[in-house]
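What the sequence shown shows, in the working numbering, is residues 1 to 90, in sequence order.
Treat the hints with caution; some may be incorrect.
[As the list claims (entries may be wrong)] With beta-carbon atoms standing in for the labels, derived distance ranges:
hint : residue 1 : residue 2 : range
1    : 71        : 6         : 36 to 42 Å
2    : 14        : 44        : 30 to 36 Å
3    : 16        : 49        : 30 to 36 Å
4    : 47        : 6         : 44 to 50 Å
5    : 60        : 30        : 17 to 23 Å
6    : 31        : 63        : 18 to 24 Å
7    : 70        : 49        : 18 to 24 Å
8    : 15        : 49        : 31 to 37 Å
9    : 60        : 14        : 17 to 23 Å
[Said to hold, decoys possible] Taking lysine-lysine and the DSSO-like style, the derived pairs with C-alpha atoms no more than 30 Å apart in a straight line are:
hint : residue 1 : residue 2
10   : 55        : 21
11   : 51        : 26
12   : 82        : 44
13   : 55        : 26
14   : 31        : 21
15   : 21        : 82
16   : 82        : 51
In case anyone wonders, no lab produced these hints; they're calculated from the structure.
Just so we're clear, the structure is a prediction, and the values are computed from it rather than from any experiment.
The beta-carbon is built from N, C-alpha and C at its ideal position, and this holds for glycine as well.
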Amino acid sequence: MRRHSETISEEDASYALEELKTSLIKRIEEKDYEFLLNIYNGNKRGITDRKMFLKMLQASVVLIYGTGYWYNLHPLVIEFFKEQGLIVQK
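Use the sequences and the hints to build the structure in full.
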């Protein structure tokens with residue numbers, strides 16, 4: 001719609017992903033990083049701050065997958081943390 005085109009280009013998709021990532025990142029503060037990195041690193045049982053967990057779920061920063069209790073960071077938040085050097089790619 002932005003280009004008044006009937007097709008979606010790769011550039012359009014990249015632009016939309018960057019906008020979504022920016023929107024997600026605006027929902028978290030630097031003080032939230034440690035909490036989120038614990039989730040990413042698998043320390044899910046150590047989550048004692050249920051209020052923070054619910055806040056991150058409502059903000060779509062943390063996503064629940066499937067019908068079970070498997071959850072992790074939104075892939076674009078993971079990408080942001082990698083760009084910031086907070087997650088080292090293996």
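Identify every previously stated hint that the structure contradicts and give their numbers, smallest first. none
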